[in-house]
Amino acid sequence: GAGVSQSPSNKVTEKGKDVELRCDPISGHTALYWYRQSLGQGLEFLIYFQGNSAPDKSGLPSDRFSAERTGGSVSTLTIQRTQQEDSAVYLCASSLNPGGANTGELFFGEGSRLTVL
Amino acid sequence: SQKIEQNSEALNIQEGKTATLTCNYTNYSPAYLQWYRQDPGRGPVFLLLIRENEKEKRKERLKVTFDTTLKQSLFHITASQPADSATYLCALPYGNNRLAFGKGNQVVVIP
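Sequence lines, in order, name chains Z and D. The letter at position 41 of the first sequence is residue 41 when you use the working numbering, and the numbering goes up by one with no holes. One rule links them: number in the working numbering = place in the second sequence (from 1) + 117.
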């Protein structure tokens with residue numbers, strides 16, 4: 001497809017379980033971001049991948065969160081030992097020219113809604 | 118980092134009127150500012166980018182202003198339509214190519 005694809009769209013899990021969320025960015029986009037959006041809150045930055053550079057992990061809330069991006073394309077966000085406060089919508093975005101004055105916009109997927117019971 | 122403030126109260130407006138939203142930020146002035154639209158259950162969609170040396174930017178019925186002295190951006194929807202009902206987010210760059218988002222401002226256009 002032409003847009004950013006995320007799966008699953010909805011995930012319900014029990015507290016303590018691990019979950020994996022997947023993001024397939026737009027082809028050719030070198031930058032990939034993960035954000036978290038809790039109910040009534042703004043988008044919270046989690047992690048940023050740019051090409052082959054080391055990812056910017058400064059937004060990850062705890063060591064239970066990790067992400068990888070294989071082959072500069074698909075990314076997986078993993079949350080280990082999930083807690084109820086992890087419940088949120090996890091949004092992935094990709095960009096062709098992050099920080100560029102002309103095309104710095106982010107293209108978002110529809111998000112993965114995570115509910116931890 | 119940046120603190121971004123958008124009005125948390127929904128803006129209810131009659132169809133055909135102009136909706137005006139405010140985005141205020143603290144700390145340093147960014148090189149540019151972006152506005153996104155988000156519908157319920159969907160990801161944000163980019164609308165407009167305005168650079169620090171631009172006072173105003175237009176796209177169809179949308180107009181954005183950027184006042185680096187006031188540290189404020191205004192977002193206008195002219196001749197509003199019910200289809201414009203959504204949450205509008207402002208976003209500013211910071212750090213290493215990251216974007217910080219405001220919490221958004223909901224607009225409800227009443228037919």
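Honestly, the hints are just simulated from the structure, not real lab data. It cannot be assumed that every hint is accurate.
[Unchecked claim] Residues on chain Z that point at chain D, a partial pick, calculated with CB under 8 Å:
hint	residue
1	Leu43
2	Tyr48
3	Ala54
4	Asp56
5	Thr115
6	Leu117
[Stated by the list, open to error] Covered stretches of chain D (chain Z as the covering partner; in silico rule of three or more C-beta atoms under 8 Å from a C-beta of chain Z):
hint	segment
7	156 to 163
8	210 to 216
9	219 to 226
[What the hints assert, rightly or not] In silico lysine-lysine, BS3-like type, Cα no more than 25 Å apart, as pairs:
hint	chain 1	residue 1	chain 2	residue 2
10	D	Lys180	D	Lys220
11	Z	Lys57	D	Lys120
12	Z	Lys57	Z	Lys15
13	D	Lys220	Z	Lys11
14	Z	Lys17	Z	Lys57
15	D	Lys134	D	Lys172
16	D	Lys172	D	Lys120
17	D	Lys180	D	Lys134
18	D	Lys134	Z	Lys57
Backbone N, C-alpha and C fix where the C-beta goes; we use that ideal spot for every residue, glycine too.
Checked hints:
Interface restraint check: Leu43(Z) against chain D, minimum CB-CB distance 4 Å, threshold 8 Å, status holds. Look at Tyr48(Z): its Cβ gets to within about 6 Å of chain D, closer than 8 Å, so that hint holds up. Checking Ala54(Z) against chain D: minimum C-beta separation of about 11 Å lies over 8 Å; hint violated. About 6 Å separates the beta-carbon of Asp56(Z) from the nearest beta-carbon of chain D, less than 8 Å, and the hint is met.
Hint on Thr115(Z) is violated. Least Cβ distance to chain D is approximately 14 Å, over the 8 Å limit. For Leu117(Z), the interface hint is violated, since its Cβ never comes within 8 Å of a Cβ in chain D; the closest pair sits about 20 Å apart. By the rule of at least three residues with a Cβ nearer than 8 Å to a Cβ of chain Z, the coverage given for the segment 156 to 163 of chain D holds, with 6 such residues. Requiring three or more residues with a Cβ within less than 8 Å of a Cβ of chain Z, the coverage given for the segment 210 to 216 of chain D holds, as 6 such residues are present.
For the segment 219 to 226 of chain D, the assignment as covered by chain Z holds, since 3 residues bring a beta-carbon within under 8 Å of that chain's beta-carbons and 3 suffice. The suggested pairing of Lys180(D) with Lys220(D) holds, with an alpha-carbon distance near 20 Å, which does not exceed 25 Å. At roughly 20 Å between alpha-carbon atoms, Lys57(Z) and Lys120(D) fall within 25 Å of each other, so this suggested pair holds. Between Lys57(Z) and Lys15(Z) the alpha-carbon distance is near 24 Å, which keeps this suggested pair within the 25 Å criterion.
Of the pairs offered as hints, the one joining Lys220(D) and Lys11(Z) holds, with about 24 Å between alpha carbons and a cut-off of 25 Å not exceeded. Between Lys17(Z) and Lys57(Z), the direct Cα distance comes to roughly 22 Å. Compliance with the 25 Å bound is thereby established for this hinted pair. Only pairs whose Cα atoms come within 25 Å are accepted, and Lys134(D) paired with Lys172(D) is accepted, the gap being roughly 23 Å. For a cut-off of 25 Å, the pair hint linking Lys172(D) to Lys120(D) stands: about 22 Å separates their Cα positions.
Restraint check for Lys180(D) and Lys134(D): the C-alpha separation of about 14 Å stays at or below 25 Å, so the hint holds. Between the alpha carbons of Lys134(D) and Lys57(Z) the distance comes to roughly 44 Å, so the proposed pair goes past 25 Å and is violated.
In summary, the structure is inconsistent with hints 3, 5, 6, 18 from the numbered list given earlier, while agreeing with the others.
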